[in-house]
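Participant: Listed below, chain by chain, are the residues.
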Amino acid sequence: MFIKGRRFMTLALVPVLAGAFTALPVLAQFTPGPGEGPDQAGGLNPALIKEIQGSLTMTPQLNATRNALAAHKLRELAVNQETLNQTDDLFTHVIKNPGEITNQKQSGRCWLFAGLNIMRPAVIGTHKMKGFKLSQAYEQFWDRLEHANLSLEMAIALRKEPLDSRKNQLLLQNLIGDGGDWSFVTSLIDKYGVVPQDVMPNTYSASHTHTMDNLLATRIRQAILKIREAGNKGASMEQLRAIKTDALKDVYKIAVLCLGQPPQTFKWRYETKDGKVTPYKTYTPKSFYSEFVGVNLKDYVALVNYPGQPMHAKLEWAWYRGMEDRPNVSAINVTSDELANMCKNSVMGDDAVWFASNAGAPGDIKAGLWSDSALDYSGIFGMDFKMDKKDTLQTYEGAPDHAMVFTGVDIQDGKPDKWKVENSWGSKPGKKGWFIITSGWFNHHVYEAIINKKYVPADLLKVDTQKPVMLPPWDPYSYD
Amino acid sequence: MHKLVKTIVLMAACAALPVMARYKPVAGEAPSAEAGLTTVALRKLEKSVPMTPQMRADRNALAGHSVRSLVVNQKLEDSTDRLFTHVIKHPGSITNQKSSGRCWLFAGLNILRPEVMNTFNMKNFTLSQAYEQFYQKLEAANRSMELAIALRNEPLHSRRMDTFLQHIISDGGDWNYVQALVVKYGAVPESVMPNDYAASHTREMNALMATRLRKAVIRIRKAAGDGASMDQLRGIKMDALKDVYKILVLCLGQPPQTFQWRYETKDGKVSKLETYTPKSFYKKFLGNDMNDFVRFVNYPGKPMHAKLEWDWERNMADHPNMDAVNITMAEMEAMTLKSVLGDAPVWFGANASAEGDVKKGLWLNDILDAKDLFGMDFTMSKADTLAYDNGTPDHAMVFTGVDVRNGKPDKWKVENSWGTKPGDKGWFVIGNGWFGRHVYEVIIDKRFVPKELLALTKKKPIVLPPWDPFTDWVKGE
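Those protein sequence lines, which keep their order, are chains A and B. Take 1076 as the starting number for the first sequence in our numbering and just add one per residue. Take 1487 as the starting number for the second sequence in our numbering and just add one per residue.
Hints in this document: simulated from the structure, not taken from any laboratory. Mixed in with the good hints there might be a few duds.
Within a straight-line C-alpha distance of at most 20 Å, the following computed SDA-like cross-link-like pairs (lysine to any residue) qualify [to be verified]: (1) K1328/A <-> S1552/B; (2) K1732/B <-> R1141/A; (3) K1732/B <-> A1143/A; (4) K1324/A <-> T1524/B; (5) K1361/A <-> G1522/B; (6) K1242/A <-> R1141/A; (7) K1208/A <-> T1359/A; (8) K1507/A <-> D1164/A; (9) K1533/B <-> Y1267/A; (10) K1857/B <-> V1331/A; (11) K1584/B <-> I1127/A; (12) K1708/B <-> D1463/A; (13) K1961/B <-> Q1244/A; (14) K1465/A <-> R1508/B; (15) K1911/B <-> L1569/B; (16) K1361/A <-> T1524/B; (17) K1728/B <-> D1164/A; (18) K1328/A <-> F1860/B; (19) K1530/B <-> Q1244/A; (20) K1324/A <-> V1535/B; (21) K1465/A <-> W1549/A; (22) K1846/B <-> K1907/B; (23) K1301/A <-> Y1509/B; (24) K1235/A <-> R1316/A; (25) K1732/B <-> Q1136/A; (26) K1464/A <-> R1707/B; (27) K1542/A <-> Y1509/B; (28) K1542/A <-> V1512/B; (29) K1148/A <-> H1687/B; (30) K1584/B <-> H1147/A; (31) K1537/A <-> M1386/A.
Based on the provided sequences and hints, a complete structural model is requested.
Facilitator: Spelled out as structure tokens, the structure:
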């Protein structure tokens, strides 16, 4: 380790000074490592500036580029028209009964939207429904509460750690983010059930989470402050948990006001494909799940492609879970080809696939096309911006940041050529909300997929019982 | 024998494996059943929130409206006028940083304007932000490459390495960046190098430069692993800087080396057309007083009247780190008042995300009354706000006026750089109470600084780590 950090003083040697020191605020005296300080030899001196300037000749071509860029978005000028024109909107297989496009709006609930959306086709098919949406706000309500509980428990665990330690800083910066993963969805459904969307629709704050989440974070920070103070005075675990419960009551209240009270029972009916209305029935959220949705969540396996970590091993991310009393996120690490193959078999079997990718990677959002050649930055600047997947993750160039659903595949010469994607950004971008991902882009930017056991080869399934490789809470894969 | 062979094979397999960042959670970090939200615990929470008629009314209002739109304290807003007992002379026109993080640069160039306009009797005057931005990016890229070289043996995913990679190039900055840029590269009028699209919308340009720099970091680490000399490592750096330069020329335009310029005076006359270099322009119009400014912060939680230094926070590899003297809010208020009354605008850093009505341009304590709506208190002390990451300085602006009542500042007039739509045609108000809670940093001309505070700048600094939350905005978070 290179971090030298604080300088400790032996208290026994300087008892008088020690008294004075405890009264002072914490001094985070930091010792810079070699070469980190200002360095004349590293500065941009006139000779270097001249060399840099001399390296660029403004050809007519570059002048034209510069003029175009003066008033236009790079992204608009870089759209590769040939790629766009050569990619059609057809697929050799599309799953039956997809639901309507949903809209997560200004919230980070993609993982939840995608998670609830993969269950729809089977339900719509089985019950011959006209359309069907599950309430995202209902799961979000319980996720806020569970997330707050998890963060406060973590603060109790870290109460003796210095406040500016890496762990505490990470915790404080990610107290109650909107993010999540597939296992968060399964934990929520398993514990709280589901309700149809009209029973608990998205309120303003459900779709625009910034202010609500900020208020929740502030209330949780106040509690962490109290927990640390009490911890220093030797408070018992019971006393610490009482501070936690006080905060959770306020979290609950904020969630009720901003998202509404989650129903305990509700009456509900639906319209069938042939325009008939079913009789009313009363459900609880859990009975609704088991009677009406009935997907067995335990049948799904999480698979990732994480180059840089051992292949065909089980990976686990410390801290990364939706609830304090549920296991951390874990997954089997497979090659991109294996991942694509399982996704293909699943889609061909009419099972929609939840997946996570780096949606910030090059793509034409307006046209709804994620392809490695969708944006030609190299052509504009005459330099190569490509980076392999391992380096991309390791240098924070990119990481999975968005979850969506595969609902179709275009097979050419026996191999997936492109994928049909159900997004949750409303029906404006893409083809009325539907997107395309090419097989090349899949290889570079798709990191995770959730596959029903029946499509997972037996030798891979066995890996799931292995002892996992534990990754740190600041692992770039789960960082966002 | 058979066993041994197996072991050797396994060992070889292990050596070929990538580095495993195996992490060992300490007690309490792992999932725990007893700490979960049990059915009993959930019932208790539910009971603690009875749905009174008041609660139902609030819930109904919140269903279709943003929290912010419902909690603006109307009484406070109505009782705040836009008048000030002293306003500095010759403010320039309101500028617009648009979708970029250049507030520190806009504010930095804007405090220089009033004196120039006064001295030269100009009708208006704006300095080019894009010109400084161009060299800021080039210098920041060089600084990052030098840091990458310094950290070449640091393991990936160490705290240092991650902090570095996550902020490899950003829009962030502080006063000392403006100072260093103007002294080294001079300045040009805005009309000579205006803001092109990418100057005002930096996201894509920054992302491309970051990619290019990350590729260089990978190369530097690989070369260092192969025993490359410092010269060879700096050669990799220069390759990257040439590409950064090219991206900048294409996105922002080539910075002029000489230019012809004239201006309109207040009485409608046009001055003589003259030829300048950026440095001769700086010398003629701005003088040499960039070094007359002293940087002060209010950082409760750190020792008062100490000098603080932030490691890595410099925009040029060969310039000193950012530092400042830590003072009380009373001292900060007194100097700011003296400065504004002396017609010298004050560059300052504040938490602009804190309580405020941006549409109306009002930053006042309790102007957002979430306490009444939710029935709970969201306040935190300034020290705790910083230590617990509940708020940090995130925006730089300029004080240009003050409303003194009963001998004390009651509110401040603020020149923002968000264009003329928000606030009073772009001008904002900061209440003096808000100043106390949410202003963290001011830049004061030496002549308004008391001797005893000036003496503190000579102290040996306390060095703070690169991940200190106070400089999140400088790093670009």
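Participant: If you draw a straight line from the CA of K1961/B to the CA of Q1244/A, is it 20 Å or shorter?
Facilitator: 16 Å, holds
Participant: Within 20 Å, alpha carbon to alpha carbon, are K1911/B and L1569/B?
Facilitator: 14 Å, holds
Participant: If you draw a straight line from the CA of K1584/B to the CA of I1127/A, is it 20 Å or shorter?
Facilitator: It is violated: about 29 Å lies between the C-alpha atoms, which goes past 20 Å.
Participant: Given the proposed pairing of K1465/A with R1508/B, does the C-alpha separation stay at or below 20 Å?
Facilitator: 17 Å, holds
Participant: Is K1235/A within 20 Å of R1316/A, Cα to Cα?
Facilitator: Holds: K1235/A and R1316/A sit about 16 Å apart, inside 20 Å.
Participant: Verify the proposed pairing of K1728/B with D1164/A, using a straight-line Cα cut of 20 Å.
Facilitator: 41 Å, violated
Participant: Tell me if the straight-line CA distance from K1465/A to W1549/A falls inside 20 Å.
Facilitator: 16 Å, holds
Participant: Quickly compare the C-alpha distance for K1242/A and R1141/A to 20 Å and report which way the hint goes.
Facilitator: It is violated: about 45 Å lies between the C-alpha atoms, which goes past 20 Å.
Participant: Does K1208/A pair with T1359/A here, judged by a C-alpha cut-off of 20 Å?
Facilitator: The hint holds at about 17 Å.
Participant: Hint check: K1537/A vs M1386/A, CA-CA at most 20 Å. Holds or violated?
Facilitator: 14 Å, holds
Participant: Can the restraint linking K1530/B and Q1244/A be considered satisfied, given a maximum Cα separation of 20 Å?
Facilitator: 31 Å, violated
Participant: Compare the distance between the alpha carbons of K1542/A and Y1509/B with 20 Å, and conclude whether the hinted pair is satisfied.
Facilitator: 13 Å, holds
Violated hints, listed in ascending order, are 6, 11, 17, 19, 23; each of the other numbered hints is respected by the structure.
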